[in-house]
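Novice: Generate the whole structure from the sequences, applying the supplied hints.
Following the UniProt record's numbering from start to finish, the sequence shown increments by one per residue and tops out at 258.
Think of the hints as simulated: they come from the structure by calculation, not from any bench.
All clues stand as given, with none of them false.
Capping the alpha-carbon separation at 20 Å, the derived lysine to any residue pairs in SDA-like fashion look like this:
| hint | residue 1 | residue 2 |
| --- | --- | --- |
| 1 | LYS142 | GLY205 |
| 2 | LYS77 | VAL34 |
| 3 | LYS77 | TRP43 |
| 4 | LYS16 | ASP231 |
| 5 | LYS77 | ALA94 |
| 6 | LYS142 | ARG123 |
| 7 | LYS16 | ILE27 |
| 8 | LYS142 | SER236 |
| 9 | LYS77 | ARG237 |
| 10 | LYS16 | VAL186 |
| 11 | LYS77 | GLY196 |
| 12 | LYS16 | ASP52 |
| 13 | LYS142 | ALA173 |
| 14 | LYS142 | ARG206 |
| 15 | LYS16 | VAL34 |
| 16 | LYS16 | THR85 |
| 17 | LYS77 | THR250 |
| 18 | LYS77 | GLY31 |
| 19 | LYS16 | ALA56 |
| 20 | LYS77 | ASP231 |
| 21 | LYS77 | SER234 |
| 22 | LYS16 | HIS3 |
| 23 | LYS77 | THR249 |
| 24 | LYS16 | VAL33 |
| 25 | LYS16 | PRO253 |
| 26 | LYS77 | GLY88 |
| 27 | LYS77 | GLU184 |
| 28 | LYS142 | GLY207 |
| 29 | LYS77 | ALA93 |
| 30 | LYS142 | ALA131 |
| 31 | LYS77 | SER38 |
| 32 | LYS77 | GLY55 |
| 33 | LYS77 | SER233 |
| 34 | LYS142 | GLN235 |
| 35 | LYS16 | THR249 |
| 36 | LYS77 | LEU7 |
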Amino acid sequence: MDHVGVLALYDRDMRKGAQPDGPGARIERVGRVVRQVSDGHGWDGVVWSDLDAAGADAAIAEQIAHFGGLGREFEWKLYGHDLPTDLGRRLRAAGFTPAPEETLMIAEVAALDLDAPAPEGVRLLPVTDAAGVDLVADVHEKAFGTDASRLRRQLLARLTDDPDGVVAVVAMAGDEPVSAARMELVPGTRFAGLWGGGTVAEWRGRGIYRALVAHRARAAVARGYRYLQVDASSQSRPVLERLGFAPLTTTTPYVRQP
1 MDHVGVLALY DRDMRKGAQP DGPGARIERV GRVVRQVSDG HGWDGVVWSD
51 LDAAGADAAI AEQIAHFGGL GREFEWKLYG HDLPTDLGRR LRAAGFTPAP
101 EETLMIAEVA ALDLDAPAPE GVRLLPVTDA AGVDLVADVH EKAFGTDASR
151 LRRQLLARLT DDPDGVVAVV AMAGDEPVSA ARMELVPGTR FAGLWGGGTV
201 AEWRGRGIYR ALVAHRARAA VARGYRYLQV DASSQSRPVL ERLGFAPLTT
251 TTPYVRQP
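Specialist: Laid out in structure tokens, this is it:
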């Protein structure tokens, strides 16, 4: 895989050419910044920028004024290759708080080994309705220790209004949900995004995460997507590297309160 070329394609299609990530969201292009504005229940933030040292502070101030006027928390999603090189420092100086750094990892689907069944005693259940969304939210809260009310609203809205734009799956051990993940599909691009992969603590290390990646990869192949993209945590990066994903850059969410 041509890492430089694929990263440039990703920037063009998924960032500069971003599409709304769900119902009630819209993309706005203002100067050299691309941002998403939601209806108040979704994600708000900057997905792409093309700034230089002379104009960066003014662009940051404009975004703060815009989202502050809406009374919204928002995120500036900063990638390791974004310019200027001190953009992270400028964001911190403007009142943003960085979350833990992740790694943008991409794989060409055709190069992946998709023969990764769920371990014995675990079955993969497609999520298509509110009951399935509740199972995903339950896993999310147990695996990550965070509230899943926003995830519940967003996933249910996506399944209701744009069912072809998302593939969600939950791993069940008997009647207990033990792992869950989703894949978001952007029409007209070559990238499918893997999101939310989480396994409750006592079920980790058994191959469930790998099975969920393979399940979604097969769905991406069936829909004609060429690449899979993941914002990988330090925990998932080694697993993804063994599966054939390559690290292309870092990504850090910078969050600012209204």
